[in-house]
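**Student:** In case you want the letters, here they are:
Protein chains: 2
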Amino acid sequence: MFELAIYLESKRQIVNRYLETCLSGAALPGRLMEAMAYSLMAGGKRLRPILCLAGAEAVGGTAEEALPAAGALEMIHTYSLIHDDLPAMDNDDLRRGKPTCHIAFDEATAILAGDALLTMAFEILSTGNRTHADTLETWLTVVDRIARAAGGRGMVEGQMRDIAAENAELSLDDLARLHALKTGALIQASVCSGALLGGGSTEQIENLEAYARNIGFAFQVKDDVLNVEGDPALLGKNVGTDELRHKSTFPSIMGLEKSKSFAKELIEAAIAALDQFGHRADPLRAIANYIIERKR
Amino acid sequence: MFELAIYLESKRQIVNRYLETCLSGAALPGRLMEAMAYSLMAGGKRLRPILCLAGAEAVGGTAEEALPAAGALEMIHTYSLIHDDLPAMDNDDLRRGKPTCHIAFDEATAILAGDALLTMAFEILSTGNRTHADTLETWLTVVDRIARAAGGRGMVEGQMRDIAAENAELSLDDLARLHALKTGALIQASVCSGALLGGGSTEQIENLEAYARNIGFAFQVKDDVLNVEGDPALLGKNVGTDELRHKSTFPSIMGLEKSKSFAKELIEAAIAALDQFGHRADPLRAIANYIIERKR
Chain P
488 MFELAIYLES KRQIVNRYLE TCLSGAALPG RLMEAMAYSL MAGGKRLRPI
538 LCLAGAEAVG GTAEEALPAA GALEMIHTYS LIHDDLPAMD NDDLRRGKPT
588 CHIAFDEATA ILAGDALLTM AFEILSTGNR THADTLETWL TVVDRIARAA
638 GGRGMVEGQM RDIAAENAEL SLDDLARLHA LKTGALIQAS VCSGALLGGG
688 STEQIENLEA YARNIGFAFQ VKDDVLNVEG DPALLGKNVG TDELRHKSTF
738 PSIMGLEKSK SFAKELIEAA IAALDQFGHR ADPLRAIANY IIERKR
Chain W
488 MFELAIYLES KRQIVNRYLE TCLSGAALPG RLMEAMAYSL MAGGKRLRPI
538 LCLAGAEAVG GTAEEALPAA GALEMIHTYS LIHDDLPAMD NDDLRRGKPT
588 CHIAFDEATA ILAGDALLTM AFEILSTGNR THADTLETWL TVVDRIARAA
638 GGRGMVEGQM RDIAAENAEL SLDDLARLHA LKTGALIQAS VCSGALLGGG
688 STEQIENLEA YARNIGFAFQ VKDDVLNVEG DPALLGKNVG TDELRHKSTF
738 PSIMGLEKSK SFAKELIEAA IAALDQFGHR ADPLRAIANY IIERKR
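Residue numbers (the numbering used here), protein chains in the order written: chain P, 488 to 783; chain W, 488 to 783.
Okay, chain P solo, but in the shape it has when bound:
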């Protein structure tokens, strides 16, 4: 019987240890490194790195092979949160139950800590695990894949659209596209980079892409639901903020109950895409269920 809580906790520890090792090598001691560590080690769920490790395991690889990619994905995710929280963007003062980086430090330091985390991600990707020559091509493919997902055709463009969407009425299609860019692309890159590094076949990667697309979508629908009916104490951030900002969300467009059943359908589709993987994909199945059952 697969126990998700144990799996998540053991993977979180592996990821946290790895991130701590990276940090000590990636910046000189001082305020910049303090700010990077403050946000990177703030107790995030580590969803993206765990998806990456689970992606490697699903195709018969090991978590070790994918660890640098997992670490890089969490660095990129953290940098994006730091920049998104800035006064010029979402102007949030609370994240994971703690003051956001620009509140705990200052704006300039927060911008630079984000820049340094993004840069560190690519340093880690280029130095990690070069065990044999035949994996070099795969590593370059992974760098490319993660960079595309994070950049101007992915996450950054998604944040642009998210800002533009404040006080705007979005259609369901536009909202779905916004989130596919803002969060979906990096979640997809997480699962797929793990599967690439674990030696997955083209067919396996395609199935995992379908899985990741569906859980990424469901993740955002659930996020919107939590912003309506979540518990701020569990979430570590304020709720009701989307409505305050007149943001189009899945609940605002399709209603709260319909949003919940839609998220459930997406998770069913995600799990269906794992049919061929057998027990090796148990973690990915359990994570899919966790995404809609989570309270934070």
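Hints were generated in silico from the structure; no laboratory data involved. Note that the structure is predicted; figures quoted are calculated from it, not measured.
The list treats identical chains as interchangeable, and a pair is accepted whether it falls inside one copy or across any two copies.
Straight-line distance between alpha carbons at most 25 Å, and here's what the computed SDA-like set of lysine to any residue pairs gives:
#, residue 1, residue 2
1, Lys585, Glu716
2, Lys734, Met520
3, Lys585, Ala595
4, Lys751, Ser739
5, Lys724, Ala595
Start from chain P and add chain W according to the hints.
**Tutor:** Frame of chain P; chain W shown alone:
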């Protein structure tokens, strides 16, 4: 007889054409891409990419082999200018004779355009010129080298120290260290990544590191000198700003004339490091002289 102006102009055209090709593939059409293009194509000197191409040529390689690295270096340089100009940092409204990115667009867009340019640099580095398997290792080394130079032990840390240095009295050593991080590291990475991709030997790379360290240092001394006695019309930015901000500079610590002769000594040392390279290093020699003779 080597003609620097012709060399620079031909290389600038190659770099500009390459950057334009990259841009069209790296972001979706819209405001984000406009802001990226606005800053990236604003008529910079292209010093870093040209140093990269010249580094490849100095060791007997071709400019083509190093072009993706050259493009990536200019993207990283441009992102750093966009973020440094932000209100939370240097708060500059003029750059290369045009309104800075956050003035021409807005702060959120400028932050995101910088983020997307930094990310695009690594996308370009991972997809560029994979002609044969034996160069993959070199490409990963180049990604690592550039990421280190740009990140928390390089350029970003340099900008942190630059901000902390406002209204502070720095020693000559501290000022030199600040600039070695803020501009020196990336200039060194420019020459060396070109030389690595051009197939340079360890000894050649070491000599080019010495060359680059000296011109990088001289470049900053000259920048400080231009901030005292330069022509705002030629520079495309305001002068006298260092004194206004009570910044420690080479002229403020060692005097204007001493700064000029110091820059000249550094350039002589840079050129001496090129002794073994013969005519292939003529561009690097001419660029060294250009660095202290430039008016902008």
